[in-house]
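K.L.:
Sequence:
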Amino acid sequence: MSDASSRDRARRAAQAARLAALAASLLLALLLAAQWLGLAQRQSGFYDTLIYTDALRATLREGQPLYGPAHHRLAADERPRLPLAEAADFDLFFYPPPALPLLAWMAWLDPLTVARLCALAQAALLAACALWACRQAWPAGSGHRGRAGLASASAVLLALAGAPAWHLVTAGNLNALPLAAAVGFLAWQRDRPALAGALLAAGIALKLYPAVLLLTAIAGGRHRAIAWTAGWLALLTMLALPWVPWAEQRWYGRELMPWLGAHFDAQLGGQSLHAVLDRLAHWGEAHALRGDLVRIAPAMAAVVSIASLSLLGACALAAWRGRRSPARLRLVACLLLALVPCLSPKGHVHAFVFAIPLLAPLWVSMLRHPAWWPLGGLAAIAWLVPVWTGAAWLAEAPAALRELWYARLLILTGVGVALGLRQALGGATKPAGCQRQPPPGRAGLPAAPLRGIDADGITGAGLRPPALPHRPPR
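Residue numbers for the sequence shown follow the numbering used here, beginning at 40 and rising by one.
Careful: at least some of the hints might be erroneous.
What the hints assert, rightly or not - Simulated restraints, written as ranges between beta carbons of each label pair:
1. Leu274 - Trp298: 22 to 32 angstroms
2. Leu351 - Glu117: 25 to 35 angstroms
3. Glu117 - Gly260: 40 to 50 angstroms
Hint data in this document are derived by calculation from the structure and do not stem from the laboratory. Since the structure is predicted, the reported quantities are computational estimates derived from the model, not experimental observations. Glycine is no exception: its CB is placed at the ideal position from the N, C-alpha and C atoms.
Generate coordinates for the entire structure from the input sequences, incorporating the hints supplied.
P.N.:
Written out as structure tokens, the structure is:
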């Protein structure tokens with residue numbers, strides 16, 4: 040009788056999880072459709088993409104320098120705070136010189152066509168990255184992939200309907216491209232090192248964020264993929280030489296890049312630790328949707344440096360302890376990608392798409408366990424609501440509530456990083472052939488809990504059957 044009641048409870052829990060995933064999928068699909076309908080009716084937008092297209096057209100078709108007098112004027116500006124009135128000087132092409140060969144095609148198409156193509160391509164890439172992360176949580180042969188399909192679809196929709204993706208598409212930024220390159224590197228660094236190196240080189244050329252994956256590649260001994268990455272980066276640098284001479288490339292690395300790294304945006308869209316600390320320093324003030332460009336103060340630099348060294352040191356320790364476990368290294372890689380927008384001065388809201396490979400499996404886990412549904416609902420609200428929503432009525436709210444609401448993406452990602460570090464710094468993982476088969480559960484399935492981040496990372500490697508002992512022939 041007890042076995043029958045246990046099976047009934049397990050069946051009801053599974054049905055409740057499916058209903059929750061179905062309801063979440065429908066709500067997210069409706070929200071995503073409404074967002075894309077509003078985007079189709081916009082008469083303006085794609086701001087960053089249009090800036091990049093104009094700069095590339097001027098360089099490749101008119102012969103103007105890629106980094107002109109406005110860039111040199113900004114790099115020489117030593118003021119602690121550049122006012123919003125001079126914001127037109129910020130609307131420039133700031134990507135590194137190796138990005139020029141990758142983005143050159145933009146110069147030969149209509150700017151609005153380029154913006155729409157980039158928006159559609161990035162939406163598809165975000166969906167693929169979220170699906171990859173969920174598939175890593177339930178590998179083939181674990182017996183759970185079919186049951187997790189609906190929840191994985193919900194995670195994909197959450198990635199597409201979230202505030203980072205919406206800001207990414209409407210602002211016209213290109214952060215989904217380096218994110219997809221980083222995920223491709225993680226997927227193919229062992230079997231196809233040349234392709235993985237090309238993808239990581241492209242991601243680093245567009246945005247320096249994917250370079251953190253070199254840490255896990257070194258720990259995992261992926262030396263061929265690292266060598267291919269260096270070779271592809273050198274090739275991209277040489278391809279840019281006809282338009283960006285070597286002296287100009289050196290100036291970018293010595294002058295402009297340090298200047299960009301020494302400033303952050305004082306606005307609600309800034310979700311990095313720098314922007315949150317700046318808002319806390321101006322506790323009683325109402326913050327603008329677009330603010331000044333502020334030079335990082337020494338005290339703030341010290342606080343962020345201590346936090347960065349501590350978190351990166353923990354990730355390095357986890358990578359070293361799990362260097363024999365590809366699953367553990369993938370988890371550390373996802374942690375590093377999620378930490379980048381939190382610790383970078385340019386951690387705008389659309390940069391938090393780099394947290395999708397870490398947060399998508401956690402969302403699936405919350406859908407599958409009813410006890411986590413309230414927390415999952417709060418996480419979904421924090422992830423979905425655009426930054427500017429509530430700015431008017433929050434102006435009269437208590438300062439503590441206002442600052443918590445403004446920093447919600449940083450807080451949500453920080454919770455995910457804490458959970459991931461807790462698992463990544465766990466005990467050493469045995470090789471797959473030395474693991475024990477878990478006993479049957481109540482419904483005839485493995486009794487090990489199904490979690491997006493488990494004891495071996497995000498792959499559920501602990502659910503694999505043990506390898507049979509090898510006996511040499513007599």
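K.L.:
So, for every hint listed, does it hold in this structure?
P.N.:
Against the structure, the hints come out as follows:
1. For Leu274 and Trp298, the hinted distance range of 22 to 32 angstroms is satisfied, since their beta carbons lie about 27 angstroms from each other.
2. A C-beta distance of roughly 29 angstroms is found between Leu351 and Glu117, which places it inside the suggested range of 25 to 35 angstroms.
3. The supplied range of 40 to 50 angstroms is met by Glu117 and Gly260, whose beta-carbon atoms lie about 45 angstroms from each other.
Hint compliance for this structure: no hint is broken.
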